[in-house]
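**Student:** Chain order of the listed sequences is A and B. For the record, in the first sequence the residue sitting at position 117 is 117 according to my numbering, with numbers rising by one throughout. For the record, in the second sequence the residue sitting at position 188 is 188 according to my numbering, with numbers rising by one throughout.
Treat the hints as calculated values from the structure; they're not laboratory data. There's no promise every hint is true.
[Stated by the list, open to error] Straight-line Cα separation of at most 30 angstroms, DSS-like style, residue types lysine-lysine; simulated pairs:
#  : chain 1 : residue 1 : chain 2 : residue 2
1  : B       : 274       : A       : 274
2  : B       : 118       : B       : 36
3  : A       : 49        : A       : 36
4  : B       : 35        : A       : 118
5  : B       : 187       : B       : 274
6  : A       : 35        : B       : 35
7  : A       : 36        : B       : 118
8  : A       : 187       : A       : 274
9  : A       : 118       : B       : 274
10 : B       : 118       : A       : 35
[What the hints assert, rightly or not] If you only want the chain A side, here are some residues facing chain B, beta carbon under 8 angstroms, derived:
#  : residue
11 : 150
12 : 287
13 : 314
Quick caveat: nothing in here was measured; it's all calculated off a predicted structure. Note that beta-carbon positions come from the ideal geometry of N, C-alpha and C, so glycine has one too.
Number of protein chains: 2
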Amino acid sequence: MSHLSLGLAGLGVVGAKTAELLMSQADIWQQKTGKKLTLTAVSARDRTKDRGIDLTGVDFEEDPVALAHRGDIDVVIELIGGSEGPARALVEAALASGKHVVTANKALIAHHGQELAKLAEQHGVQLFFEAAVAGGIPALKVLREGLAANHISRVTGILNGTCNYILTEMTQTGRDFGDVLAEAQAKGFAEADPSFDVDGVDAAHKLAILAALAYGEQIDFSSVNISGIRSITGTDIAYAGELGYVIKLLGIAERSGIRSVQPCLIAHNDQLAKIDGALNAVAFEAEPVQTVLTTGPGAGAGPTSSAVLADVLDIATGRGGLPFGRFVDTLGPSAHVPHDPEERRYYLRAMVPDRAGILSAITSILKDKDISVESMLQRGQSEDAPVALVMTLHPARADAVLAACDVLTASDFINGSVLALPILDRIERH
Amino acid sequence: MSHLSLGLAGLGVVGAKTAELLMSQADIWQQKTGKKLTLTAVSARDRTKDRGIDLTGVDFEEDPVALAHRGDIDVVIELIGGSEGPARALVEAALASGKHVVTANKALIAHHGQELAKLAEQHGVQLFFEAAVAGGIPALKVLREGLAANHISRVTGILNGTCNYILTEMTQTGRDFGDVLAEAQAKGFAEADPSFDVDGVDAAHKLAILAALAYGEQIDFSSVNISGIRSITGTDIAYAGELGYVIKLLGIAERSGIRSVQPCLIAHNDQLAKIDGALNAVAFEAEPVQTVLTTGPGAGAGPTSSAVLADVLDIATGRGGLPFGRFVDTLGPSAHVPHDPEERRYYLRAMVPDRAGILSAITSILKDKDISVESMLQRGQSEDAPVALVMTLHPARADAVLAACDVLTASDFINGSVLALPILDRIERH
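Starting from the given sequences, assemble the full structure and let the hints guide the process.
**Tutor:** As structure tokens, this is what we get:
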């Protein structure tokens, strides 16, 4: 009977759940892989904390990097988090000393994935990170292996459960962003400092990883255009609904085009429009398969440990492969472009005083950028407060729309910033 | 540079597309696998038929089994179809002579998967059949590898695109089964003899394979309760819609329960209710991941060749594994039960004459089986023709409902058969 010895760093909720499953179901792992999996050592900040798991017989290392240097460990599981510091030091040391690495660390892979994959290649070991993208959904396996024979043209994802939960609640209850965020924080669905989630950074980490895998290119986190959901109001959601759309924070990576994370309007009967609450989803448009969509829970101890353990079982079974599906030296430069080159319809919202001449001033500014208005809605009436003026625009390029928004935002008759969101008429072609 | 030499049997639309992709994108396969993939020989019924592909330099074998005996072939791709005859002979011979096999043949695997997997084990070769289930969706890879660490409790699938297309058309246009089927046949979406699809046999093949993989048990095609969609009328769909449900042909496999393919009512806002047209979908309910759903095209040359090639690339990359995720000898007997043991609500429809006393006669028969009525609808009125009487029943066991239906169908006041469909209130728990 052959063995596989594991070291695990980071005993938060995901780490504790992973450790518990590794130990409690050893017989099942043996049945599936033909190997006896043993959790040999763990490392965490606080040795004494009660995590509800019995770690008797498992060594404890104060310094996570010590796991990388132990001769009795084959696979290091990194669940510390963060793109630098101990997580990076551990993964680098583990790969360099010939150990396989499984990590759930999206920031680490988005920023250093390439160097780490190169290190794994040089030392002939596996580096897997299924849990880094879309939680429990095996999205990377689907992309890298299940759709390996395809030419991917677009990847579209709902990649942050917190944002999707907030937008869903806003849509279903009509409440505003701040109100729903506060409730989500109280319930533990959102962090005390929510900026990583609601500003789109977390989704952008995942999108950068997906783009690299989909297009065989170097990871370039800095190429992702990021805007979050703080600027979306209940009014925007209501107007979008009236127009037949829902607002979702979407990560989009097109082969020779944008990599972006931004709120978008999608038709209410689109598959992705129906992904509600904290669920994640990733849709792959590809030839010859057409569109494959995967959905499931994007976070949480259970879903994340499912993905971490799938990687461990792949290693135990000898189902190896290159982290990005090709040798690092064959990855091309990212083919991203700074602005979305596709002409798209846009949703535009400005807060304006309710008086004559405003509409004409706005359409004149749009016309200067060759942008024409498709429809206009202005419901509320108020002599005192500004009201929302909502327009949909005929297909235009992102740079023209953004330039027009800048002029509008700077003009003295508009309160606050003008919001422009792309309308994606068809995410999926069936 | 190492090589992988392929033999392909069956040059229908899927075979021709697979051959074309193998040859035209050889450089991509080499980049991804590090191996040069060569299509060495093919076999088909008609050598001279124009398939729009150039097979110059590729050997032709009149007898597909000859592919198995050639010393210069590493992998046999079987795309002939059918559970017996040349397909079975080829796959058995190929495995027995130490060749890896990739097949899209659901009937072959549903009927002989176990013996074939055993043969693959004995000869140390791979047997993969991703394309046999849900076409372009990598559902088997998701289940066997992506969710390998999970305890699966239920698999629910829309597994036949023809049925889903017909039911979707009936729902969206209000037309009847025969009308939509005839149109689907004219468009080439349904076979001239549609029974394999509309009677649920094709979906049952796929369900039997999914159940074996999900529960680590022997494939038992005969354990699947099968009923197709011929008995569903436009009236049923309209009444179901009024009650908040859509009718889908679902394959369901529960760990210690039914394996069935039958039309079911599911809530209109359920994820699976939104899978329209010829799409397939498979939902896995599991611990610790919760629910993961995959959807995509379930048939067609492109999607199917995508799945076939993914298997070939797995073999080329050395991503092996056991066909059912475990050794054949460790597969347990199927834990299916003859009737669904879960108490469920049911939809009941009978065609009855429009006169007094009928309702009381029906409820009395139901009461004899301890079944109580939750709601009743009867819209039409006609003195000449029977009208539809629709009921929903409080939770009851399938055997009681079926027994009541038998009594009702045999009674002299009911025209034709009584239809009973389970109402699945929650396919997916989010």
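**Student:** Are residue 314/A and chain B close enough, Cβ to Cβ, to be under 8 angstroms, as the hint says?
**Tutor:** Result: holds, 6 angstroms to nearest chain B Cβ.
**Student:** Tell me if the straight-line CA distance from residue 35/A to residue 35/B falls inside 30 angstroms.
**Tutor:** Roughly 29 angstroms between the alpha carbons, so the hint for residue 35/A and residue 35/B holds.
**Student:** For the pair we were handed, residue 36/A and residue 118/B, check the Cα-Cα distance against 30 angstroms.
**Tutor:** Given pair residue 36/A, residue 118/B holds - Cα atoms ~23 angstroms apart, limit 30 angstroms.
**Student:** So if I understand the rule, the pair passes when the alpha-carbon distance is 30 angstroms or less; does residue 187/A with residue 274/A pass?
**Tutor:** 23 angstroms, holds
**Student:** Does residue 150/A pass the interface check with chain B, least Cβ-Cβ distance below 8 angstroms?
**Tutor:** 6 angstroms, holds
**Student:** Within 30 angstroms, alpha carbon to alpha carbon, are residue 187/B and residue 274/B?
**Tutor:** 23 angstroms, holds
**Student:** Would the hint linking residue 118/B and residue 35/A be met if the CA-CA limit is 30 angstroms?
**Tutor:** Satisfied, since the Cα-Cα distance of roughly 20 angstroms is no more than 30 angstroms.
**Student:** Does residue 118/A lie within 30 angstroms of residue 35/B when you go C-alpha to C-alpha?
**Tutor:** This hinted pair holds, its Cα atoms lying about 20 angstroms apart.
**Student:** Does the structure keep residue 118/A and residue 274/B at a Cα separation of 30 angstroms or less?
**Tutor:** 42 angstroms, violated
**Student:** Please work out if residue 118/B and residue 36/B have their alpha carbons no farther apart than 30 angstroms.
**Tutor:** Holds, because 29 angstroms separates the two Cα atoms, which is no more than 30 angstroms.
**Student:** Would the hint linking residue 49/A and residue 36/A be met if the CA-CA limit is 30 angstroms?
**Tutor:** At roughly 28 angstroms apart (the allowed maximum being 30 angstroms), residue 36/A and residue 49/A satisfy the hint.
**Student:** Checking one constraint from the list: CA of residue 274/B to CA of residue 274/A, max 30 angstroms. Satisfied?
**Tutor:** 8 angstroms, holds
The earlier numbered hint that this structure contradicts is number 9, and it is the only one.
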